[in-house]
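> Chains as they are written, first to last, in my numbering: chain A, 1 to 345; chain B, 1 to 345.
Please keep in mind that the hints were generated in silico from the structure rather than gathered at the bench.
Accuracy of the hints is not assured; some may be wrong.
Which copy is meant is left open, so a pair is good if it fits within one copy or across any two.
27 Å max Cα-Cα, derived DSSO-like pairs, lysine-lysine [said to hold, decoys possible]:
id : residue 1 : residue 2
1  : LYS77     : LYS109
2  : LYS319    : LYS128
3  : LYS40     : LYS126
4  : LYS72     : LYS109
Small disclaimer: the values here were computed from a predicted structure and weren't measured.
2 protein chains.
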Amino acid sequence: MAVKVVVLGAGGLVGARLCDRLAQLETLHVSPTETQPIGKIVLFDVREPSAVAEATRADARVHVVLGDLTDKAAMQKVLDPEDFSHVTAIHLAALLSGYAEENFDLGLKINLFGSINVMECVRELKDKLGKPQVYVYVSTDYVACFNEYNRTHPVTEESFRLSPVSYGVQKACVELLLCDYTRKGFIDGRVGRLSAVIGRPGWSNSISYPYTGIFTQTLEGKDYDVPLPMDVPYPCSSLNTDVLCLIDLAGKVDGEEMGHNRVVQLPAKSFTLQMIWDAAQEVAKEEGIAIGAIKQVQSDSGSTTVKEINVCPEVDCSKAASLGLPTDVDLKDIVRDYVHTYIKK
Amino acid sequence: MAVKVVVLGAGGLVGARLCDRLAQLETLHVSPTETQPIGKIVLFDVREPSAVAEATRADARVHVVLGDLTDKAAMQKVLDPEDFSHVTAIHLAALLSGYAEENFDLGLKINLFGSINVMECVRELKDKLGKPQVYVYVSTDYVACFNEYNRTHPVTEESFRLSPVSYGVQKACVELLLCDYTRKGFIDGRVGRLSAVIGRPGWSNSISYPYTGIFTQTLEGKDYDVPLPMDVPYPCSSLNTDVLCLIDLAGKVDGEEMGHNRVVQLPAKSFTLQMIWDAAQEVAKEEGIAIGAIKQVQSDSGSTTVKEINVCPEVDCSKAASLGLPTDVDLKDIVRDYVHTYIKK
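Bound-form chain A, shown alone:
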């Protein structure tokens, strides 16, 4: 009796941190009351997951598999139970917001059809292992629409879902289908709906990029041109808390207790660019870093595909708390984590 954990999108920002955390664990919950030894950890990605720590890769349980999420045979192979009693899949792979907006067809293929492909393969495990297996899918609060109601009410798991971007629409479809696949008893699905994970190293074509660039670039000593207003609150999450929540969602949380709606809005707090800039300056002083300068510029001078911060300003994360998930989201901790991981490593 042991569990095989498959991380899809192991090379991404959240994926790599998750893999590092999993490698530190001996056991994983396969139900609220039962844990099993982790027998194998599969790191699946389209390219070499170089962001995963050396120590993780050196773990005898860890195996890297490269392939295409939309390829059925590849997915069946990577999810094969072999001689394990449980297979737990955690799905982080996605084409992010800006890229999915630029290349609609590729976004639809990876984010919708690819995810359905994975769900179908997890569904096949039910016959092999005798019961529905856990599938944790990572979604995003982009599924919610920036309509008048959501501007003035925090987004919840029950908020209207007509995203302003294709990425969010594709994620919303998978959320709905996952709940239905679970209701039908095919899989034991859970959705971790993330708010923006700030602190991705380098540039990315994400709507949220300025909320990252304003501290990552300046703390690396560069000046940064801010293409968005300083006072727009934007829900952000903490990488470390996200990872802890996803691991708890993968078995410690009682699926029955979640009911039909398997979506959980993971802990988030709304920060403005000003708040992030203030935190960056404080951390710079504490850590003895010479911080770069910022300059306000027009939004159309930025290089991000989506120019407008049109997500909802607040997220209600009370369901996560009620399910017993960790809830810590501290801005200075987020900034310090970047400094210690990428600058002072």
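Got chain A sorted already, so can you dock chain B onto it with the hints?
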């Protein structure tokens, strides 16, 4: 300059009535301010659309095409612009609620992948005809969840969408994708979200069947066993009004005015089985029909796959009214229509 109208699912209850109505028209709106002669009406279905009137089939503009909605080449052919300036597609084809619940995979194939296939083919028309073509998709208020909020608030186009049945989830995904395809400028999509169309002849594996059987069976002189409580309000629509609304949605309604959310909840009123039974008895008297008796039985004695009326009790149709769509939903008219169409024809 003329328009080719393609009706997908022409043989169904709504499809056949729609085809009959289209054949009575010389022209169709291709925008709020422009009409074009109807040059061709394609009746597409998986089997011979025998419910379509003889007079309609005799119309020189009418062509019946049999095929599979999920077949890309078939869809490209049926939607081919030929020498027409506009192609307007009206999509009614679906695997209904009970059947989609019994055969999940077939429901997913027809209701989700089939609809995406059609949208992709309509999208290809943009290059051929120079602008996005109209695609009217028929959805259902099953997209809304029977949660506490929706039990006490009328369902709108912005209500939370986690349907209690697979059929509704599949429809919700298409609604979201259609809005996104439209936002991207690929198609000019509009969703007509129907409430139950009562009065389908014969038995059907639909959740709503008792709301039909209680008057269709008794007015045909048979006794009817009622497997649901008599006092549960259930949103119903009028076949004739639905058809008029779909035709207006197909061009007379201004897409720009609809904005990002292209869904319209078509006119519905909530009726209980008692109200329908009362109306049936009144119409029987007026029409000189000897009506059968009803008897209350347990719900599990019924033959419908879904046993519980778990849709939302009320639907808010104010958006339809604000767009200028017809709003008439009269219960006795609905019953009379059945009598004149199927009993006294």
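> Now tell me if each hint is right for this structure.
For each hint, the structure was consulted:
no.	hint	in the structure
1	LYS77 with LYS109	both (20 Å within a copy, 24 Å between copies)
2	LYS319 with LYS128	neither (33 Å within a copy, 49 Å between copies)
3	LYS40 with LYS126	within (19 Å within a copy, 49 Å between copies)
4	LYS72 with LYS109	both (13 Å within a copy, 17 Å between copies)
Hint 2 from the list above is the single one not met by this structure.
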